[in-house]
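A.B. asks: Heads up: the protein sequence lines correspond to chains P and H, in order. Every letter in the first sequence is one number past the one before it in UniProt numbering, and letter 89, counting from 1, is 89. Every letter in the second sequence is one number past the one before it in UniProt numbering, and letter 235, counting from 1, is 235.
For the record, the hints were derived by calculation from the structure and aren't laboratory data. Warning: the hint list may mix true and false statements.
Note that the list lumps identical chains together, so a pair holds whenever it fits in one copy or between two copies.
Computed list of lysine to any residue pairs in SDA-like fashion (alpha-carbon distance at most 20 Å, straight line) [what the hints assert, rightly or not]:
#1 K194 / P158
#2 K152 / S377
#3 K128 / P71
#4 K152 / P71
#5 K392 / S12
#6 K312 / P424
#7 K128 / A57
#8 K128 / P192
#9 K152 / A117
#10 K426 / E2
#11 K128 / S172
#12 K194 / D288
#13 K128 / E2
#14 K426 / W376
#15 K312 / E219
#16 K194 / N154
#17 K194 / P71
#18 K128 / D75
#19 K152 / V102
#20 K312 / P101
#21 K426 / T222
#22 K329 / E315
#23 K128 / N327
#24 K426 / N154
Model, not experiment: these values are computed from the prediction.
Number of protein chains: 2
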Amino acid sequence: MECTFVSVAPESDFPIQNLPFGVFSPSALADSPGRVGVAIGDQVLDLVALSQLGLFAHTAGLDGVSVFSKPYLNDFMALGRPVWRAVRQALQEFLSNDRHPVRQQVSGGNGAAVAIALSSVTMHLPAKIGDYTDFYASREHASNVGMMFRGKDNALMPNWTHLPVGYHGRASSIVASGTALHRPNGQRRPDPAKAPVFGPSARLDYELEMAFFVGTGNELGTPMTVEQAEAAMFGMVLMNDWSARDIQAWEYVPLGPFLGKNFGTTISPWVVTMDALEPFRVAQPTQDPEPLPYLLGAGAGGYDINLEVHIKPHECSDKSFLLTQSNLKYMYWALRQQLAHHAVSGCNMRPGDLCGTGTISGPTEGSFGSMLELSWSGQRDVALGDSGITRKFIEDRDVIKISGYCQGNGFRIGFGECVGQILPAKQVGPPKHA
Amino acid sequence: MECTFVSVAPESDFPIQNLPFGVFSPSALADSPGRVGVAIGDQVLDLVALSQLGLFAHTAGLDGVSVFSKPYLNDFMALGRPVWRAVRQALQEFLSNDRHPVRQQVSGGNGAAVAIALSSVTMHLPAKIGDYTDFYASREHASNVGMMFRGKDNALMPNWTHLPVGYHGRASSIVASGTALHRPNGQRRPDPAKAPVFGPSARLDYELEMAFFVGTGNELGTPMTVEQAEAAMFGMVLMNDWSARDIQAWEYVPLGPFLGKNFGTTISPWVVTMDALEPFRVAQPTQDPEPLPYLLGAGAGGYDINLEVHIKPHECSDKSFLLTQSNLKYMYWALRQQLAHHAVSGCNMRPGDLCGTGTISGPTEGSFGSMLELSWSGQRDVALGDSGITRKFIEDRDVIKISGYCQGNGFRIGFGECVGQILPAKQVGPPKHA
């Protein structure tokens with residue numbers, strides 16, 4: 001299948017096989033709430049305009065003008081896989097068929113605003129995220145961090161191989177790629193023999209993650225099977241789960257990470273659908289012991305998605321240096337297992353809820369998905385290429401960029417970019433009664 | 001000050017000194033999304049109707065018809081304390097002054113629907129809760145639970161006296177009082193020498209908590225001082241943080257409670273404002289060591305709120321038995337400290353965000369706020385009065401009711417009820433590939 005509507009470079013993240021959904025505003029209206037679009041090559045298709053031209057007139061259950069006029073994908077996500085697939089198919093036919101009736105209208109001058117240059121739009125968060133959950137599904141990452149936080153003998157807890165460990169995160173501070181974040185202030189205890197101190201985090205980190213959006217959800221009190229979970233997932237984004245390791249280490253026992261995480265989480269703005277990722281399914285790592293029956297599913301549970309993290313250090317911000325090369329396929333717990341586990345208590349999942357995978361570290365040092373692991377808790381310098389610059393953790397004004405793609409035969413299913421810069425901490429107002 | 005608009009019984013939860021805000025529908029329209037009302041005696045004042053009669057015509061910054069027509073309080077919460085206070089004052093004048101011009105209109109027949117019997121309305125969740133956080137702020141509860149989960153030597157972690165420990169909870173499963181919940185399924189490991197098993201929780205518990213709603217929030221990256229936090233709080237509700245202790249114990253290390261909590265959280269529907277609670281401020285327990293300066297505030301940080309938990313056991317559901325008598329004043333970490341700590345990382349708080357206190361246990365056994373503590377982890381039976389019925393944990397079809405009030409001079413500031421029944425667990429669909 002080839003796109004004949006616009007030309008798509010072979011290395012583009014957004015060929016006709018991809019068609020990720022996002023929320024955009026033309027740059028002149030960057031402050032406007034946005035509408036739903038689909039990326040193709042270096043263009044954005046305006047789904048409101050295409051709805052008005054009748055492209056989805058035969059898609060049962062979809063009022064395109066209404067659903068795509070919203071500045072979030074939640075309403076579309078709630079419609080379910082048959083509608084998602086019908087829209088995907090209608091778009092592929094429109095893009096590949098020169099004689100498509102809507103193409104005729106566009107070339108006849110009715111569709112000037114159907115496609116807009118990607119370079120001229122502002123991207124927003126793709127959904128109103130009701131709840132955000134983060135898992136801890138990479139065995140390599142959990143083992144590495146466990147070793148550093150709790151010692152070798154307690155690295156992987158006894159529950160870890162029996163269930164996908166997860167925790168509730170903060171939804172309000174999830175931002176779209178490109179939003180700068182301030183280094184957090186907080187309590188930390190650099191010297192365990194002394195009292196804790198207050199100030200900006202001295203061990204700020206990135207975490208290479210991906211995340212899936214829940215499409216259709218479940219009623220409170222009604223669990224989902226693994227099969228239902230698989231059918232409920234809408235699509236995926238890249239995610240940087242910024243972490244303040246010193247704040248986290250001091251606060252996290254016994255109720256888990258809190259301020260060490262909630263100052264900001266960055267996601268890429270284009271949601272790549274599970275349908276686009278379907279050809280890239282691969283077996284997940286062998287699970288031993290076998291999980292309980294409610295976590296078992298048929299067929300391949302993993303996805304072969306190449307992932308990279310680059311840093312632009314503040315000392316030379318025109319250059320990027322590779323920090324991590326990893327792959328989603330290393331992840332021990334499959335996405336569908338994460339979601340089925342999440343809902344097994346009866347917890348209700350809603351359209352637009354976001355679930356992060358946890359840091360996706362691989363088996364080798366070059367595939368470690370965080371500075372904590374790369375610098376082994378700050379014990380060694382990480383060299384940035386041959387620049388002479390080194391890092392143990394992220395410094396002010398550093399930029400971290402995550403990218404990812406599935407390699408097809410002559411095309412790539414890419415995720416665009418997940419970029420964020422760390423700004424200096426803001427001062428906390430002087431307390432009046434200190 | 002006395003209400004002359006309707007008669008208010010001395011033991012009523014809702015005298016003129018209270019005026020809690022909530023979202024209601026007339027029972028005939030129970031499925032409608034609701035609108036904002038205020039409780040007085042056994043009546044609900046319809047704030048849309050009162051806005052239409054001009055009661056808030058002179059309240060700067062408030063479009064009453066628009067703000068109170070919403071089926072949530074978020075828009076009102078966002079307006080800030082000067083508006084909250086102006087509305088409270090306007091309502092008190094209307095209720096206490098027979099010659100109030102709006103009273104004249106009502107008695108002239110223009111306001112038939114201004115007051116509706118509480119018994120004839122359906123109450124909804126008071127707000128769209130964007131994020132929900134739960135703290136762990138009672139020293140007695142943290143010590144009791146810590147002893148049971150980690151042994152005497154690790155009961156209170158080193159961080160506990162330095163910061164208000166908290167964690168992110170699940171917002172989607174917060175329900176209004178009266179909503180029945182299903183017992184959760186999940187993994188637990190009753191025998192630590194054996195593999196975990198799956199099934200309905202066998203150690204289902206309540207937690208006596210209160211929670212505050214954030215009114216005005218803060219921008220991402222910008223912390224709040226303790227003073228700003230105090231000014232930002234809108235009001236409080238009662239909360240039952242249902243907990244499945246066996247699921248929680250198996251899953252919670254290292255990332256905190258997850259499925260052991262996210263199957264449901266019940267709150268009372270009437271939000272008692274911080275302004276109504278102001279006369280009941282008391283000193284909080286002495287904090288030793290002194291917290292870091294960003295957690296210090298002037299004046300009394302605690303609130304004297306009497307709290308009770310009753311159970312209606314399934315064996316005799318027409319009788320209530322007292323389980324717990326406690327008081328918010330026992331809480332070690334003040335509400336304003338919780339909120340200032342939450343935002344110190346730069347985490348953005350939004351109107352309608354909910355923060356729970358954690359279980360409010362007092363120093364004596366009768367004041368323990370959970371079955372876990374009362375039955376000391378199931379080691380002893382808790383007798384329900386002299387009925388001969390006992391409990392270690394909550395059984396199917398039991399009803400738990402939390403109530404609370406501040407005792408004024410001749411009146412009570414009450415919170416209404418926070419009631420929930422536990423229904424049997426739903427079966428999880430048989431996995432196809434077990």
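A.B. asks: Starting from the hint list further up, note which numbers the structure goes against and sort them upward.
C.D. replies: When the structure is compared with the hints, numbers 4, 5, 7, 8, 9, 10, 13, 14, 15, 17, 19, 20, 22, 23, 24 turn out to be violated.
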